[in-house]
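Novice: Protein chains in written order, with this note's numbering: chain Z, 1 to 760; chain S, 1 to 760.
For the record, the hints were derived by calculation from the structure and aren't laboratory data. These numbers come from a predicted model, not from an experiment. One or more of the hints may lead you astray.
[What the hints assert, rightly or not] DSSO-like cross-link-like pairs, simulated, lysine-lysine; straight-line CA separation at most 30 Å:
| no. | chain 1 | residue 1 | chain 2 | residue 2 |
| --- | --- | --- | --- | --- |
| 1 | S | 213 | Z | 561 |
| 2 | S | 626 | Z | 429 |
| 3 | S | 209 | Z | 489 |
| 4 | Z | 116 | Z | 286 |
| 5 | S | 429 | Z | 209 |
| 6 | Z | 559 | S | 213 |
| 7 | S | 286 | Z | 286 |
| 8 | S | 450 | S | 557 |
| 9 | S | 626 | S | 213 |
| 10 | Z | 518 | Z | 450 |
| 11 | S | 626 | S | 557 |
[Stated by the list, open to error] Stretches of chain S that chain Z covers, calculated by requiring three or more beta carbons in the stretch to come under 8 Å of a beta carbon on chain Z:
| no. | region |
| --- | --- |
| 12 | 40 to 46 |
| 13 | 192 to 202 |
| 14 | 253 to 262 |
| 15 | 272 to 278 |
| 16 | 510 to 522 |
| 17 | 646 to 653 |
C-beta atoms are modelled at their ideal positions from N, C-alpha and C, and glycine is treated no differently.
Protein chains: 2
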Amino acid sequence: MTSTSRPDARACAEQDAKSQEEDLELASAYVSDAQYNRNVFFDTSPRAVRLYLLYNRRLAQVLLYFFILLDLSLALWEEPAVVHLPPWATMLVELLCLHVFALRLVHYAKVIPRDKFWKDPKNICMIAILALTLVDMIVYGALHAAGCYALRWSRVLRPLLLVNVTEGRQLRRAIRSIRNALPQILTVFLLFIFSILIFSLMALKLFSKRGLKTSEGAAYFSNYADAVFDLYVLVTTANSPDVMMPAYDASSAFALFFIVYILVNTFIFMSVFLAVVFNNYKKYLKEEVRLLVRAKRHKMARAFTVLQERPEDGGAGEPRVSRASWSRLVRSVQPDMGRAHTELLWSVSDDRNRGAVDKTAFVQLADLLNIQVMTLKSRPHPLGRLCPAFYRSAPSRLLCRLVRHRAFAVAYDVIIMINAVFIGLDEDKPSVAYSEWAFLVLYLLEILLKLYVTEPRSFFAAHCFWNWFDTIIVVCALVATVINSALQKSGGYTSRQILDIVFILRVLRLIRVVDRIKRFRTIMNTLIRIGPAILTFGQLILVVYYVFAVVGMELFKGKVKFEEEDGGPAAADCGNPLLRGSAFARLGYCKNNFNNVLNAFVLLVQLTVVNQWHVLSSGFSAVTHKSARIYFVLFHITVVIIIINIFVAFVLEAFFLEYTLDKSNLHSELEKKIEELQLGVAQEALEDNLVNAMETSDQEQPADPSESVEPKLMFKIASKRYRTVDALLQRLFEADLEQEDGDDAHDANGNFANPSFGSA
Amino acid sequence: MTSTSRPDARACAEQDAKSQEEDLELASAYVSDAQYNRNVFFDTSPRAVRLYLLYNRRLAQVLLYFFILLDLSLALWEEPAVVHLPPWATMLVELLCLHVFALRLVHYAKVIPRDKFWKDPKNICMIAILALTLVDMIVYGALHAAGCYALRWSRVLRPLLLVNVTEGRQLRRAIRSIRNALPQILTVFLLFIFSILIFSLMALKLFSKRGLKTSEGAAYFSNYADAVFDLYVLVTTANSPDVMMPAYDASSAFALFFIVYILVNTFIFMSVFLAVVFNNYKKYLKEEVRLLVRAKRHKMARAFTVLQERPEDGGAGEPRVSRASWSRLVRSVQPDMGRAHTELLWSVSDDRNRGAVDKTAFVQLADLLNIQVMTLKSRPHPLGRLCPAFYRSAPSRLLCRLVRHRAFAVAYDVIIMINAVFIGLDEDKPSVAYSEWAFLVLYLLEILLKLYVTEPRSFFAAHCFWNWFDTIIVVCALVATVINSALQKSGGYTSRQILDIVFILRVLRLIRVVDRIKRFRTIMNTLIRIGPAILTFGQLILVVYYVFAVVGMELFKGKVKFEEEDGGPAAADCGNPLLRGSAFARLGYCKNNFNNVLNAFVLLVQLTVVNQWHVLSSGFSAVTHKSARIYFVLFHITVVIIIINIFVAFVLEAFFLEYTLDKSNLHSELEKKIEELQLGVAQEALEDNLVNAMETSDQEQPADPSESVEPKLMFKIASKRYRTVDALLQRLFEADLEQEDGDDAHDANGNFANPSFGSA
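The following block holds chain Z by itself, in its conformation from the complex (with noise of 0.2 Å):
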């Protein structure tokens, strides 16, 4: 209603409702941003940002990951195939992936200046990735209507597109931490190598001709390639007793050379390792946030320059914008936000009721739209307003009032320590088949009791974790279970995929005894709140990964067969008359192959936790060459030394916070905010089954003002969980940040000076 002016003068003239309309867009592009710390410096021309809040949509972004993920899954049904399908298939749906890949890159290309489109470089990966699978694809083609041997190599390009496309900055981002912390890596890899070189030349000198054999009946450090590949694996301690006890038999002091080997190059080179990681990637990825810190700040003040007005005063007072302006502002960034959120988080930022906000408290919004706010409200249960006689009778109460006494959960823990133990049993016994039945109406009865105490709608509120997964899983057991009686009783047959289902299905009903288990559930939290960050690493190991999947693939397949008809272990040779013999055949390694990308996969998490590796490792040098362990140990350098360390590292910091700093400054101010207006709930009421009696509503109806002005309306902060990661990263490294962001806030009323994110 009120009028946003711009302090062009020019533009007074044009005040009409498009340019203001255009105006509320390109803030609401800036403060999004902010909120998710993109950073696309897009047009600001009214066309190219409506484009822009297009290219953002949710939908878009969900399409793009698909046909990414679709991409990706091109390789289930590609020569090795886990299903065969024809090449010329898979390359329409390739084609038509690249097509919308191509499609986003030109939507991308309209909304920011040409210079910078062409400047960034993540543009410039994604059309060489583009055009080079174009190109392979045409050449594959036509070599194979030719008839000629053709090599799909684009293959393992593929990943990268989740690391180019503009969402993946996350993954960008980590990625350039690792390539900043590689000098410092390196310098320790060499020292490390060196030590295992010189080694296994003392290795070599003792024992080559000392005429020892392997318990395999191999020669005993015969040669020095062989020798540093035996000490390498030794340092992932996979050949750990085994390669010591021929010199070990020879001779008790030879023990020595390999306690120091290990003491060296396992204990404190590995520990080294995590160190430099932990430390560089930090160090790197601190000054990432810190730019980015610095680039929400910049995006808001631009919002708030659009938004501004003068007061009605002249031009002497501080800019500002009026209530109007940043509820639309709002209400166009966030449109499911309650109303009686947006009166919270307008209360907080108008701290002094001016009836308009300047530009420090404006900055503050992008955070404040990030904290989680709860809307709880309570309301009557629906059998209190059907039967009221009934519900409030003294046997009902009395029921409520059992149900909610301690001892209800305490009974049921009990059960479910008996189910426990019922679970354990021969399920072959009729009594206990029986006694299944027994557990599956407790729990019903567990549900339907609390049901009638709790209001429905309240019992199913989107953060009832714990009330949605029992009643799904009991509800599953119940299905599967009748279903797999009814199987049986037709004609004896079991099928073995339902009764796995409900064996996995009854286990998993024990582990709610974790949530009632306090000083467990704050790990749990913890744990849950370094959630979101870990799929960054997911999609790390899932780069890498693929990318070695195809290579693996195109050099070892078909190298190595499993047959399921194959009867006892030991009597295969894994397809292969090279392996008659090799520990490989003997443990009965054979569906460890890479004759299609899912077995790949597994044999990848075999290599993750590198256990047995050097198994692997020689069993497909055997059948291909010796050159082969260099993908094994290429693999083991990249997954275990580097991207594992760093998901320790990150595991490491994320609870080393969550002992030392509790709450951030915005989030305490929220939380006085929700107290100075009595409209918090109490963290014991929460944590009670109370909080059942509530229900939480993001998407509360502001259509019926009697209900949002009703005083059981209550809010609490969901403070345990980010929307970004970004949101969690900041935090981490909040501590260290404060400090600069001070200053960096003191000069807020004026410029920031950061030309480097100045959008043209």
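With chain Z held as given, fit chain S onto it using these hints.
Specialist: Relative to the frame of chain Z, chain S by itself:
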């Protein structure tokens, strides 16, 4: 010469030499305690102080540790023994050791007040250990004489001596920190165990009825206890792909179960363990170090009170310590300190040149004494003195310049590289055997040339580690090679032992390359810096290993036998028919037994490395009872989950420090002073070979005053070394402690109000 006066008025009459001497002794006891962070509440009577100084003599401590090691090493001769000795012989030696420990304890009891003595748990522990050992020896002797079965159970207590002697304070601190961190670790551990139990139950239900067989033909997940054990082993990754293969062969989907299991339990839970152990250990250690710093200040304040004198003008000014008593104190605390070094410390303490130090400056003394300062002195070459005409001739000077040139070092690096290649070649070829002589001559020549250029005493200075290293290695190699070829020529006999030593020495020579490359040197320095602290972990490991070795020997001795004469490893059943066909025997692990303490230690190292520990564990369960697994799981939890994690945490912390902090305040103050006095040695000069032209002497002769005032005398702070582990620990937490200590320092002029550290 200046008389020191105590503030006590009565003491004025007795100002004689004796009282002064006593004061000095008391003060030096305090300062020495502060310097080495001893926290002993000794009696302040002159007799007790003198006894206390005696108690802290280096020789007494060395003797004590010698007897502890002797006591521990008795396990070598006791049944099951490496070298058999009759029981009376070992018991006599043990009795001698007990006497020494008792004597030391009595000495300690004389030094500190009686009530303090009996309140200290370490003394009670010590008395209990001695008494229990004595009782055990008597009982064992009686039973042995009567021919009954007897058990020397008190051997388990022996390593506790290391913990409970006064000097074991670092070890006690580490153990206290672990004990305090246990509750937190336990919470994670319980959750971890719960997760294993749930997964095991699921595995039991999924796999037990499928009739699957392991590659060894055994039943697969057939009962719950085995399932739990197998999955516990999987957490350590020791049976990684093997345990999964039967299920994976049956259906690819089962791989998912194991992948989820490994992700949750190996990757996430093990990282959480590291995080929790790291965080808690650090927290409690920091608290301990904080108390330590306080106690140190308190001790220094006491020493100040003893030595202080009122200024001439009545009681108005601040109390001070005169230069004379300060010097006598320093000389008494550190008799081997050079006069120049003392002067330097004084000039740092008495910053404003007032001829006396106040309390704040005096308190710093303990830290100043802990900073290692090297005194460097230039000295002419003896050849230059003996035949100056020749040594200063043009060719000689050219030679010197050549040797000092970079190219000389590079040339020798190339020679080392070529040597590495030759070492790798087969030494049976005559050409290779002769080349070894050539390399020996080249290395000898290098040392001689360097000695020609550098003053010999400087060349072999204490801090020139690599010169010592080179010379020892080359000379030893020369001697060993000569002996070896003499033996070979004499009768064609080749002593394998000597040849082994020759080989090791040859390879060790190559290590020198590391020191030439700068980026490697920083890592090496950090590793060397944390060396002493790693020794504390070494002691901790020794204590745990010894206890487990003794228990293991009682449980498993003689069950598994290794016969040296036994030919093929495949044929063996390790002397026990129960092991026939087991993985233990097949892999040739017969020498991994508990038949003597050395074998037991090697076996425990293998268990620490973790890989194949399940084979060892099931081997020993097979020959005894399934419950033997408990021993192995307990060892895993104690050593791998707790102690190794603490070790990793310590290395991490030390490296983080290396990257963030640089120098302590006191260090830089001292360095500034050295620079001011123009006594510094440029860092470049040190890193260059030029430094070899100077001699390091910590034990400089103050007898020759003409030399010590020579302007060529120079200092350098050996900032990379710490005299005591406590100093390193303090430095580790310095950043966190500084704030608080700053507050302390403000009321340092008052009294140190810390009642718990007041000595009676």
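Novice: Decide, hint by hint, whether the structure agrees.
Specialist: Verification of the hints:
1. The straight-line distance between the Cα atoms of residue 213 (chain S) and residue 561 (chain Z) is roughly 20 Å, inside the 30 Å bound, and the hint therefore holds.
2. Annotation: proposed proximity of residue 626 (chain S) to residue 429 (chain Z) holds, straight-line Cα distance about 27 Å (limit 30 Å).
3. Distance restraint check for residue 209 (chain S) and residue 489 (chain Z): the Cα-Cα separation of roughly 20 Å lies within the 30 Å cut-off, and the hinted pair is therefore satisfied.
4. Straight-line distance between C-alpha atoms of residue 116 (chain Z) and residue 286 (chain Z) comes to about 25 Å, which keeps the hinted pair within the 30 Å bound.
5. Using a Cα cut-off of 30 Å, the hinted pair residue 429 (chain S) and residue 209 (chain Z) holds, with the two alpha carbons roughly 13 Å apart.
6. A C-alpha spacing of about 25 Å is found between residue 559 (chain Z) and residue 213 (chain S), which places the hinted pair at or below 30 Å, so the restraint holds.
7. With a C-alpha separation of about 26 Å, the suggested pairing of residue 286 (chain S) with residue 286 (chain Z) holds against the 30 Å cut-off.
8. Between residue 450 (chain S) and residue 557 (chain S) the alpha-carbon distance is near 56 Å, which puts this suggested pair outside the 30 Å criterion.
9. Annotation: proposed proximity of residue 626 (chain S) to residue 213 (chain S) holds, straight-line Cα distance about 20 Å (limit 30 Å).
10. The suggested pairing of residue 518 (chain Z) with residue 450 (chain Z) holds, with an alpha-carbon distance near 21 Å, which does not exceed 30 Å.
11. A threshold of 30 Å between alpha carbons decides the hint, and for residue 626 (chain S) with residue 557 (chain S) the separation of about 16 Å falls inside it, so the pair holds.
12. Judged by the Cβ-Cβ criterion of 8 Å, the region 40 to 46 of chain S is not covered by chain Z as claimed, because only 0 of its residues qualify and three are needed.
13. With 4 residues bearing a CB less than 8 Å from a CB of chain Z, the region 192 to 202 of chain S meets the requirement of three and the coverage assertion stands.
14. Only residues whose C-beta sits within less than 8 Å of a C-beta in chain Z count toward coverage, and the region 253 to 262 of chain S has 3 of them, enough to reach three; the restraint holds.
15. Residues of the region 272 to 278 of chain S with a Cβ under 8 Å from some Cβ of chain Z number 5, which satisfies the need for three, so the listed coverage holds.
16. Three residues within the 8 Å Cβ limit are the bar, and the region 510 to 522 of chain S against chain Z gives 6, so the coverage statement holds.
17. Taking a C-beta to C-beta cut-off of 8 Å, the region 646 to 653 of chain S contributes 4 residues in contact with chain Z, enough for the three needed, and the coverage statement holds.
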